Amino acid sequence: MKRFRIFDLLFIIFLILASLSPLIFVNIDNRHKRLKIIIENSDFYFPLTETKIINLRKYGKEMLVQIGNNQAHILESDCRNKICIRAGWIKNCGESAVCLPNKVAIQIDCEKNYIDAYSR
Amino acid sequence: MRTQDNEKKISLIGMLVAFSIVAGYLENFIPLPVPGLKLGIANIGIMISLYLLDWKSTILIAILKSLLVPLVTGNFIIKLTIGLPATLAAATFMIIYKTLTNKFTTATSTGALGAFIHINCQFVLIKFLFIKSLTIYKILPYFSLFSVIAGAITGYLTIITTEIILKTYNK
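Chain order of the listed sequences is E and P. Add 1035 to the 1-based position in the first sequence for this note's numbering, that's all there is to it. Add 338 to the 1-based position in the second sequence for this note's numbering, that's all there is to it.
Any given hint might turn out to be false.
As the list claims (entries may be wrong) - In silico negatives: residues of chain P with every beta carbon more than 10 Å from chain E:
no., residue
1, ASN344
2, LEU391
3, GLY412
4, ILE434
5, LEU451
6, PHE466
7, LEU478
8, SER482
9, TYR507
To be verified - Quick partial rundown of chain P residues pointing at chain E, CB under 8 Å, derived from the structure:
no., residue
10, THR443
11, ALA450
12, ILE464
13, LYS465
14, PHE468
15, LEU483
16, VAL486
17, THR499
Don't read these hints as lab results, they were simulated from the structure. Bear in mind the structure is a predicted one, so any value in this text is a computation, not a measurement. All C-beta atoms in this analysis are idealised placements derived from N, C-alpha and C, irrespective of residue type, glycine included.
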């Protein structure tokens, strides 16, 4: 039995390309986005269109979340490891930055559009 | 002559299933960078039967392997609901691919295809049964890439093993 043929190589390259193809298509995404801030067990929603800094002190957390240019990030946090700050700007559907010591997470929440438009 | 062939076939099926169970247990101890990934060495049993026996035995070994390996390794229900349909789908695709292109391919690309179908099927099942969020598809490309490489390795190991089996079998 022959151990390797050229068609194998071609097919494996095709499979590798097929498995990497979602990386290209995943960014083309025009659904309605908003920022979801999860603090302990409650969710808060903010529009992503405006530019502002949200202070989480009124929820009892020493953190600042900055929104602007359709993206968001955690600007300041009093936690130890600063992993949430190092997560950087989040902008795609489902991306998130999490602060475990404070029990706070921010996530880009995308609504599913079941209906494009309707008329009567 | 006919019954002798049948006996040889049945004993080979038994040995392949036994090999799959042992390999499926032992590959839990091979450390990999990401938790939850497995090399899929247990699928060598399925692939050997694909190249030495017919498609019926392949389906049989696939069902037996995905029923029996979770019994040994634990977490039975989840592994069964995810693993059994994925293994069957992968086996079906491998059978079709092997029958169509046997003249100009080897087991290497068959294994890669099987692994690709297997991981994608698992992700779809996880999406519908356990984790409803779309976020899990973020890691699919990396898992898929890894599984294609692992499947190619599995296929290459299958070729080597098949040669050894044929050498001892035809003595």
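Which numbered hints does this structure break? 5, 7, 8, 12, 13, 14 and 17
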